[in-house]
Amino acid sequence: MDKVRKRDRLEVIHDILKIIHDHQNSIRATPLLRRSNLSSQSFAEYYAELMSKGLIKEVDSNGKKYISLSDKGFAFLDKYKLILGFIDEFEL
Amino acid sequence: MHPPFDHVRFITELGYTLIVVFLCFLIYFKTREMFELTKHKGIQYFRNTFLFFGLAYIFRFIFDLIRIIGPWLDVYLPRDLMGPVFMLFTAYLSTMALLCLIYSTIWKHFSSREFFVASNILALIIAVAAAYSPPIFMITQVLLLIVAIVLSCILRKHFSRIFLLYFLLFAFWIISLVLVIPGRALGFELRLALEVISIGLFAILYYKVAKWIK
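Top to bottom, those sequences are chains A and B. Residues in the first sequence are numbered consecutively from 14, following this note's numbering. Residues in the second sequence are numbered consecutively from 172, following this note's numbering.
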């Protein structure tokens, strides 16, 4: 049986940001958790990390909390391939 | 009676140091955004390598400068004390640079807290030993380089072109230390050739970094 490849940290971060981006940069936490294919605990950890790094932000709209990318989040998505290339080239 | 002041040596050493330090700091600052975005440990320690390396080259130059221009200054310089002090800083920074580079490629196998404590203790021990005996410093750097190669071969199971470049950078750093520490037996041409090759290696590395920074 084929083993499913485990995503590395950077890849998970990219996937979460991409989901937000693909939802017109506005998504609620529950659908984001569902689409990110992470356990609730892992998702909570990544969510806290993305918030602390300033890659995402919470936006209140009609009393509901939505998640959006920050400028830094957009920059991450924009440079993701370059970052991966850099890490690969220098074997970091 | 002072030996004649060697202008050519002073200018070549100054030029060599300025170019290498410039390239090191360029690598450090140009990769800042990439690190800020990812907080990737490998990138963090890769950057630290060049910060430490650049500073080590500055202290190496000051160490050499005291010997070159010291006798020509009118002011009193406690050269017996200043030499070991600058050697201590050079050794600490150099060892940290080497350890950071090793760690940047194998960080997934060890915790960063352990590395921080262990690397600083080791660098301090080597620095103190270097202040007393510069040859011990060079021996430890060679040993660390051998450990780096063995570790990378064991943990990564290959020795790639980028590792060859890392190895050459440190090998030429050790050679540049030999040029300032013992008897300076090398002739000017050979010395210059070694420095040009060393600059070339840093330039290649910077070129490789610049490709990914847009």
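To be clear, the hints were calculated from the coordinates, so they are not data collected in a lab. Fair warning: this is a prediction, and the values are worked out from it, not measured in the lab. Here a beta-carbon is modelled for each residue, glycine too, at the ideal position from N, C-alpha and C. It is possible that some hints are incorrect.
Taking lysine to any residue and the SDA-like style, the derived pairs with C-alpha atoms no more than 20 Å apart in a straight line are [what the hints assert, rightly or not]:
no.	chain 1	residue 1	chain 2	residue 2
1	A	K70	B	K279
2	B	K210	A	K77
3	B	K210	A	D91
4	A	K94	B	Y378
5	B	K212	A	Y59
6	B	K212	A	E58
7	A	K70	B	K212
8	B	K210	A	G67
9	B	K210	A	R41
10	A	K31	B	K379
11	A	K92	B	K201
12	B	K328	A	E102
13	A	K77	A	R41
14	B	K212	A	K77
15	A	K92	B	K328
16	B	K279	A	V25
17	B	K379	A	L97
18	B	K212	A	E102
Which residues of chain A face chain B? A partial, calculated answer using Cβ under 7 Å [stated by the list, open to error]:
no.	residue
19	F89
20	L90
21	I96
22	G98
23	F99
24	F103
25	E104
26	L105
Hint-by-hint comparison with the structure:
For a cut-off of 20 Å, the pair hint linking A/K70 to B/K279 is broken: about 29 Å separates their Cα positions. Of the supplied pair hints, the one linking B/K210 and A/K77 is violated, its CA atoms being roughly 30 Å apart against a limit of 20 Å. With a C-alpha separation of about 16 Å, the suggested pairing of B/K210 with A/D91 holds against the 20 Å cut-off. Only pairs whose Cα atoms come within 20 Å are accepted, and A/K94 paired with B/Y378 is accepted, the gap being roughly 18 Å.
For the suggested pair B/K212 and A/Y59, the alpha carbons sit about 16 Å apart, so the restraint of at most 20 Å is met. Of the pairs offered as hints, the one joining B/K212 and A/E58 holds, with about 18 Å between alpha carbons and a cut-off of 20 Å not exceeded. At most 20 Å may separate the alpha-carbon atoms for a hinted pair to count; A/K70 and B/K212 exceed this at roughly 24 Å. Using a Cα cut-off of 20 Å, the hinted pair B/K210 and A/G67 holds, with the two alpha carbons roughly 12 Å apart.
With a CA separation close to 25 Å, the supplied pair B/K210 and A/R41 exceeds the 20 Å bound. With a CA separation close to 28 Å, the supplied pair A/K31 and B/K379 exceeds the 20 Å bound. For the hint linking A/K92 to B/K201, the alpha-carbon distance of about 14 Å falls within 20 Å, and the restraint holds. A distance of roughly 16 Å separates the Cα atoms of B/K328 and A/E102; the hinted pair therefore holds under the 20 Å criterion.
A hinted pair counts as satisfied when its Cα atoms are at most 20 Å apart, and A/K77 with A/R41 qualifies at roughly 8 Å. A distance of roughly 36 Å separates the Cα atoms of B/K212 and A/K77; the hinted pair therefore is violated under the 20 Å criterion. Between A/K92 and B/K328 the CA atoms are separated by roughly 29 Å; this puts the pair beyond 20 Å, and the hint is violated. Our distance criterion of 20 Å between C-alpha atoms is met by B/K279 and A/V25, whose separation comes to about 17 Å.
Restraint check for B/K379 and A/L97: satisfied, since their Cα atoms lie roughly 14 Å apart, inside the 20 Å limit. Our distance criterion of 20 Å between C-alpha atoms is met by B/K212 and A/E102, whose separation comes to about 15 Å. Hint on A/F89 holds. Least Cβ distance to chain B is approximately 5 Å, under the 7 Å limit. For A/L90, the suggested interface contact is broken, since its CB lies about 10 Å from the closest CB of chain B, more than 7 Å.
Hint on A/I96 holds. Least Cβ distance to chain B is approximately 6 Å, under the 7 Å limit. Here the hint on A/G98 is kept, as its CB sits about 5 Å from the closest CB of chain B, short of 7 Å. With 7 Å as the threshold, the beta carbon of A/F99 comes within range of chain B, its nearest partner Cβ sitting at about 4 Å, so the hint holds. Interface hint status for A/F103: upheld, as the beta-carbon distance to the closest one in chain B is roughly 6 Å, under 7 Å.
A cut of 7 Å between beta carbons decides the hint on A/E104: the least distance to chain B is about 5 Å, and the hint holds. Interface restraint check: A/L105 against chain B, minimum CB-CB distance 3 Å, threshold 7 Å, status holds.
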